[in-house]
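Peer 1: Take a look at the letters that make up each chain.
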Amino acid sequence: MSEKIATRDVYGQTLVELGRENSKVVVLDADLSGSTKTKLFSKEFPERFFNAGIAEANMTGMAAGLAAGGMIPFASTFAVFAAGRAFEQIRQSVAYPGMNVKIVATHGGITVGEDGGSHQSVEDLAIMRSLPKMTVLCPADGPETGAAIRAAAAYKGPVYVRLGRGKVPVVFDQGCDFTIGKGVTLRDGSDLTFITTGLMTAEALLAADILAEENISARVVHLGTIKPIDIDLVLKAARETGAIVTAEEHSVIGGLGGAVCETLAEGYPVPVERVGLRDEFGQSGTAEELLVHYGLTAAHLVEAAERTLARK
Amino acid sequence: MLTDQQIRELEDTARHLRVEVLKMLHTSQSGHTGGSLSAIDVMTVLYYQRMRHDPSNPAWEDRDRFVLSKGHAAPALYACLAGCGYFPKEDLKTLRRLGSHLQGHPDMNKTPGVDVCTGSLGQGISQAVGLAMATRLAARPSRVYTLLGDGEVQEGQVWEATMSAAHYGLGNLCAIIDQNGLQIDGATEDVMNVGPLGPKFLAFNWHVLEVDGHDIQAISRALDEAEAETERPTAIIARTVKGKGVSFFEHKASYHGVPPNDDELERALAALAMR
Ligand SMILES: Cc1ncc(C[n+]2csc(CCOP(=O)(O)OP(=O)(O)O)c2C)c(N)n1
Ligand SMILES: [Mg+2]
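For the protein sequence lines, the chains are A and B, in the order given.
The letter at position 72 of the first sequence is residue 72 when you use the numbering used here, and the numbering goes up by one with no holes.
The number in the numbering used here is simply the position in the second sequence, starting from 1, with 312 added.
Excised from the complex, chain A in its bound form (with noise of 0.2 Å):
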């Protein structure tokens, strides 16, 4: 797990890779091409890329007539603007009549660092996930980025996949499959389990050594759909461990946490614990600081499991 990869790095080159594949792959940004990386595209298929200026709520409704057209685009710009600046262009004009356009948030979370809380967002994933009709993608790490972008080229209908800014921890092997709906367990354990999504899944595998000195056994299952959310996989930890905690760069309101809490509610509530910014926004600093400050590392993660473990 030494290797780090940047999840939009590998989002880029995918993107030139499906565009090789398929002539109906066509990619959409407002001005951010560098960051997001569909630079490489815009450089390989220069008529097959558009570039919507500062117009994110247009650039949007293009890529859900473009969709309309039979192409299958591909729309990208930091998750504060593709899921906030668009999101009434996303829920009627994509997710309504469910087009087949995929957004591609880079810059997720609160990582973004220096920028600060007006440019970290939060929240993507609750309000992507509040949407019927619409998929929710948040991979872990590179490998598994490549594998998320292209099950959905495959997947017919809306897709939001939220990646990051940083270099994370590579945590799955290159060439890994990606099944929209399903989760991974990556560890067994029988104490408890991690729930976890995004770059927290790196921090609960880490988590979960420390816990094993104690003699505590945690399971570790990352979810790389956070909608279609993996019922079956999250009500077996549940029932297997009996006490669960999530893990997401995100608020604790309406993301990951959120819904694993509604699942388990409905199905075999058991005690939680939701780690995750705590209905705050962001501010500047390096990413690393961030993580720390905001409580997102695996000493945290060590910390929740210890308390939730109690409640037991």
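Hints in this document: simulated from the structure, not taken from any laboratory.
Built from N, CA and C at the ideal position, the CB exists for glycine as well.
Careful, some of the hints might be misleading.
Among the chain A residues that face chain B by a calculated CB cut under 7 Å, a handful are [what the hints assert, rightly or not]:
| # | residue |
| --- | --- |
| 1 | Asp31 |
| 2 | Ala55 |
| 3 | Gly285 |
Since the structure of chain A is provided, determine the placement of chain B with the ligands on it from the hints.
Peer 2: Frame of chain A, contents of chain B with the ligands only:
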């Protein structure tokens, strides 16, 4: 009309503020260089000559308001605010640091002298329209200024705000467009050509002026003319150079969000000292 002496002083201040911006960005090693430098001359005239404001009383109700709609030029704003005395210049070293009151983008709840939160392009001008409406409702003498980027005006919201400001006859509002011809992905006309701006504002029934955005006297005169127009909002299209003042940053989209390194800072400071 400014006197030659006043012009010299303001030019000196602008040079000084450019130095502060570069030092700040060099220390933080993160932030927006090009668009901060292009905006400095306009902001110098606003903060040091035009606006009625009191740094010892940031909450003064009758102050003029400034909304940095292109919020990524925060370093330019912070340099002005520190220079005017809203907070110690020492603070500039904390730009973008964890816990600093100087966030990556302007935050009204953290920084003395910042009137609204901005950073998501296109939203500042709407808030400026609202501020101008509040000012008029409260019968305050304040004027409201807002500074936009020429890429920012690609946002549809900018034109909704433009429509509203004219509809409500906001003569107390002045929008300045920092027309440096560049955005992140390249030249504005290549990325998404919004076409000539002056005629668009005119068509929305605004009072429109075009100036050299680095000519202190011209900027000041345009602001005079804006103030003399009381029935309609004024748009000042300020022709600028991205990265202005440091030859190797000028006209380059690549320095949009890239801070100076050690060598660049040294050369930039030497160049600014010589002028
Ligand atoms: C709504 C929104 N979309 C995208 C961005 C990212 N962004 C920051 S600056 C910028 C380019 C701005 O260009 P321009 O308005 O011309 O500013 P300037 O050249 O004066 O720096 C972009 C796209 C943003 N801050 N807000
Ligand atoms: Mg510009």
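Peer 1: All hints are to be evaluated individually against the structure, with a verdict given for each.
Peer 2: A quick look at each hint next to the structure:
A hinted interface residue such as Asp31 of chain A counts as satisfied when its beta carbon comes closer than 7 Å to some beta carbon of chain B; here the least separation is about 5 Å, so the hint holds. Contact between Ala55 of chain A and chain B, as hinted, is supported at the beta carbon level, the nearest pair being about 5 Å apart and thus within 7 Å. For Gly285 of chain A, the shortest C-beta to C-beta distance to chain B is roughly 3 Å, which falls under 7 Å, so the interface hint holds.
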